[in-house]
Structures are given as C-alpha cells and as structure tokens.
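Could you put together the complete structure from these sequences and hints?
Quick note: UniProt numbering has the sequence shown finishing at residue 422, numbered continuously throughout.
A hint or two may mislead.
As the list claims (entries may be wrong) - Only pairs whose alpha carbons sit at most 30 Å apart, straight line, appear in this in silico DSS-like list of lysine-lysine: (1) Lys220 - Lys180; (2) Lys230 - Lys19; (3) Lys76 - Lys348.
As the list claims (entries may be wrong) - Restraint ranges, calculated between C-beta atoms of paired labels, are given here: (4) Glu94 - Asp32: 52 to 62 Å; (5) Thr153 - Asn408: 28 to 38 Å; (6) Asn83 - Asp355: 19 to 29 Å; (7) Asn72 - Asp334: 21 to 31 Å; (8) Thr178 - Leu401: 46 to 56 Å; (9) Val144 - Lys19: 55 to 65 Å.
These are computed hints drawn from the structure, not numbers from a lab. On a predicted model such as this, the values are computed, not experimentally measured, just so you know. Idealized CB from N, CA, C, for every residue including glycine.
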Amino acid sequence: MAKYHNYENYNIYIKNRYKTSEKEYKTHFVNDEKNDEKFLLTYESMNVFPLYPRPIIMPLKTKSYDIGLKENNTLKNIKLKYNDLLIKKMKEFETYSSMIGKNRNTAKIRRFFDYEIKDSISKIINDKVSNAWIKMYEIMTTYVFFGNKETITINSFHLCEHPGSFVLATQEWIKRNTNKEHKFIFQSLKPNNNNPHILKPDEKIPTKYLDYANDGDVTKRKNIEYYRQKYKDVYYDLITSDCGLDFSDDFTQQEHGLYKIFLGALICAIGLSKKGTNYIYKLFSFNELKTIEMLYITCMFFENVDVVRLMTDKSGSGEIYIICTNFNYEGDFDKTFNVLLDYLDNNKDDKFIIDIFDKEFINNIQNYHRLLTMRRITNYNMLIFRQINSDYSNAVNYVKLVTDYYVNYFFEYIGLNKSLLQ
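If you want it as structure tokens, here you go:
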C-alpha cells in the first residue's frame, strides 16, 4: 500500500501556482541583468514542484463501495468543470507550435525531470533507461508491494509491456531492495515488422518469458481467457499494464481511443489476480464517463485504489497511474468475470455496466480531477512562458543549479547510489 497520502497538501499548493500562472505566463522579460531576480521569481511562481516534491497520491477508494454490475444506459455523467479550461489551454498552446519548432534545438531553460534524470541514471544502470523505467522505479519506491511475505520468489506479470521497461525496472528494484528471486511473464501486442509503431522487445528479455497468446491483443476475449487458463495456478505478487498508442496528432483523443485497451487489460489483470495481488495501470486522464466507470469497477476488486501523479511524468502530459493493492474480491468470481468479458465484447459508448456511483466516489473524482487539471494547465502556462522568454539567457545557469538539486533529490528519494557517478 502507499506509504502516505498527500492530496490535501498539494491541493493548496497547486491552486496557488495555478492562479499565479494564469496572471503571469505571458510576461516577457528583456534579457538584462536587472531583470534576473524578477524573471526567476516569476519562473518559480509557476513551478508545480515544491522544494521537497513527492508523487501526488490520492486515495480513490476511501471506503467499501456497494457496487453491482447491471447493463444500462442511464448512468449519469459527473460534472468536471475544469475540463473545458484544459481543452482551451491545449488549443492555445498549439498556437505556439512554430515558436516551439524554432527553439527546439537551441539552449533551453529546462526544469525537472525527464532528460537530466534519465541521463544520470544511465550512468549507473546498465539497462536501457527510459522514461517508463524511471516511472516504474519511482512507483516501486513509493509503495510497499511485497511487505514481509515469507517467500523466496516474487512473481510479476506485465501486460502491454514492449519493449520491457517495467520488467527491467522491477528486476532492478528487487535486486537492490530484496534478497528474493524474481520471475515474470512479459506480454504485449505481437510485433509486426511492417508497423514501426509496434515496439520490439528489448534484447535483455529472454524469449522464454514472452507470451503473445494468439496475437497479444488484450481487447480480445479469447486472449484474456487464454492467459487466465494458462497461468491459473501461479500467484502473482504484482501485475502491471503500460498500454499506449500514438496520439501525438491529437492528444485530446487519447483517453477515448485507448479506453477499450485499458478495460481489456484491467479484466485480464483481474483474471490473473489472487488474494493479495497488486496491480498498476496507466491512464491519460479521467474526463469521460466510461473511464470513470472503469475506475469504479477497479474498486470492486482491490482493498486500496489510488490515483497517482508521479514526479517524473512529462510536464504537459495528462498521464497518471492507478495503483491497486491487495486484491480481495469475495463474490462469485466466475460469474462476475464473465459479465465483464461480455461487457468488453459488446462495449458501446452509450452502454454501461454500473448504474449509479457512490457519492463519496464522485466527490473524490471531482476533487482529484480539479487538482490534476489545474496542475496540467499550470504546466502549459510554464511551457508558454518559457517559449516567450526563450531568448532570456541570463537565467539559464541559475535554473540549471536548481535542476541539479532536483536530480540529486530524486536519486535520494528512489534510493539509488548516486555516489557511483562521482
């Protein structure tokens, strides 16, 4: 389970940053030493990372919800008033695309986390360190997944896993933090040599750990049933899902376009779980009713369900992780599982399997959506501010010092031995 929850603290912090950024993000500074302090103060006023940042962990399941599954078309939408503001901000950001392209290869004032973190970890770890690798390691550090279980082996199952970053990060964390053996299964969409967007497995992943079923498509019932049957006798401590497709042409379509993949992966993970299993899966937002329903379904099966915004998620991305700990479903599993598979087979935008949400769940969804959306808009404001002031060179070294501080801080947080870099 999570080592802490900190929604209330970040809610206050982000709200203040959001309000300031809306006032200041179009401010342009003349590159002059007398403006340095004002520039840096304005820059810092839009920074969504405090001096000692941590992942934002928001408990979605705050009590045992009375959840039943019943096909219907009457589920009422949840009002998420900040969503329109986000879409408006994303469209505004697109108007700066020519400026961004022009500045792409120039020296940038960057801030926390992507490149500097990845470059530094690559000097310590022999594996290919990607953004996904770093995020998985951050999750493993933030949660207690394995506790004091008296087993000599940790088993994990990784859905939608090409090229293998979650597997490699999990291996590294287990090696550095336990004395246990790690066994895993690596599942993903079967590579197609004619499709450059379907990733190939990392060469460090032995082929004996790969399993594609027929084609690895987790939206197909027969594949989900295959995995459940084949691995029914294996206890998995951890299951992960890192599904994604390229929506760079229109990020506003990402949530809708990936919904069925996310739902299929969730059902597959439920089918592989036993009492105590933990599950991690990625989302890109929860603006749509179908996604919110999927989160509610998740709460049926796990004792704890958290919405998590990692420190190392890209600044403009809506990416979040849903961390589910301690699988504990006690109902008629086979019946419920088949109802979910039927729902996957016949899924339509206007059909639902939940007919009403618990009021506390709705309140959590609205609060967390507001926080995450304000944070994302603030990041877009920061990115616009950076582009407008891309010629302000005086502050680059100042900001680099702060970036170096954050890199050192992150190494301390995840427990890697940065002294090896010296």
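Is the straight-line distance between the alpha-carbon of Lys220 and that of Lys180 30 Å or less?
-> violated, 34 Å
Could you tell me whether the CB distance from Thr178 to Leu401 stays inside 46 to 56 Å?
-> Given about 36 Å between the Cβ atoms, the range is violated.
Taking the CB of Thr153 and the CB of Asn408, does the distance hold inside 28 to 38 Å?
-> holds, 34 Å
Would you mind confirming whether the straight-line C-alpha gap from Lys230 to Lys19 stays at or under 30 Å?
-> The given pair, whose Cα atoms are some 53 Å apart, is violated under the 30 Å limit.
For the range 55 to 65 Å, tell me whether the beta carbons of Val144 and Lys19 fit it or not.
-> violated, 36 Å
Taking the beta carbons of Asn72 and Asp334, is their distance inside 21 to 31 Å?
-> Since Asn72 and Asp334 have Cβ atoms about 23 Å apart, the given range 21 to 31 Å holds.
Does 52 to 62 Å hold as the CB distance between Glu94 and Asp32, or does it fail?
-> For Asp32 against Glu94, whose Cβ atoms are near 31 Å apart, the range 52 to 62 Å is violated.
Is the straight-line distance between the alpha-carbon of Lys76 and that of Lys348 30 Å or less?
-> holds, 16 Å
Is 19 to 29 Å right for how far apart the beta carbons of Asn83 and Asp355 are?
-> Holds - the Cβ-Cβ distance for Asn83 and Asp355, about 23 Å, lies within 19 to 29 Å.
The structure does not agree with the numbered hints 1, 2, 4, 8, 9 stated previously, though it agrees with the rest.
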